[in-house]
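Participant: To convert a position in the sequence shown, counted from 1, into the numbering used here, add 846.
Think of the hints as simulated: they come from the structure by calculation, not from any bench.
Derived CB-CB ranges, DEER-like:
#1 Arg961 x Asp919: 11 to 21 Å
#2 Phe932 x Thr1110: 42 to 52 Å
#3 Asp904 x Gly953: 45 to 55 Å
#4 Thr907 x Ile1097: 37 to 47 Å
#5 Gly933 x Gly953: 50 to 60 Å
#6 Gly905 x Asp956: 38 to 48 Å
#7 Gly1086 x Asp917: 25 to 35 Å
Think of the CB as a built atom: it goes at the ideal place given N, C-alpha and C, for glycine as much as any other residue.
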Amino acid sequence: MGLFGSRRSHRADAVITGAGSGIGAAFAAELARRGGRVLCSDIDLDAAQATADALVADGGTAQAVRCDVTDVDDVYRLAEAAHSWFGGAPTLVVNNAGVGAGGAPIGETDLADWRWVLGINLWGPIHGCHVFAPILRDAGRPAGIINVASAAAFGAAPGMAAYNVSKAGTLSLSETLAAELAGTGVNVTVLCPTFVKTNIVGAGRISDRSTQLADNLMRWIGFSPQRVARTCLDTLDRGGLYCMPQPEARIGWGIKRFTPTVYTRAAGLVTRVTT
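Could you put the whole structure together from the sequences, leaning on the hints where they help?
Facilitator: Written as structure tokens, this is what we have:
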């Protein structure tokens, strides 16, 4: 149970970004299964609508709206749409929209790729928290914010700098927001999975060699997005800040915290051996 004994993921009025596929669509389906009303947003309105239609076909309550998370005005419009549809403030916001990029070291990664990744993966959650955190706090009800980061936030994998930085920023954003909202009834959970079986690699800007390695790791150790979404919502309900669904994420987090120099050198060595 979270603060005040409230299970925030049950019967939630939820807003999800990047709900058109992958983890976002899995969050939407699980929240609908838990009795919630789900506002599915995505930059691809057709994809968001497909997710919403699937929820409604299964007996859920859902609506779709287009939102470009890199544009704060669009996020404000998303908040207005949520207030209009729910008849008040949402009780759960999932800042999930994200993209993948990698395969080149710092100095060789195109700066346009840096801007693209940070614009979506970091500024998206910043905009989401900037707009929705005051709304949830001022509503005076138990509520939750989930920010989707990655084990890349602390993994420091070479050749993934833009992605790593974007997720590290999201992790720090979440930690800071949790401290600022402590005692308000708004819980914050940051999701840090390793490999999840989604299309983020195929849809991203990733070198062929890195794509092949990521595809293999997804196949060998990847969790389904449904499993990840369930685990994260359960973590939110318990009032947990960090959700690391896979054991390798938790192990890596522990090693990095206690022996950071050894961890970083090992990460570089492993990368050279496997690529």
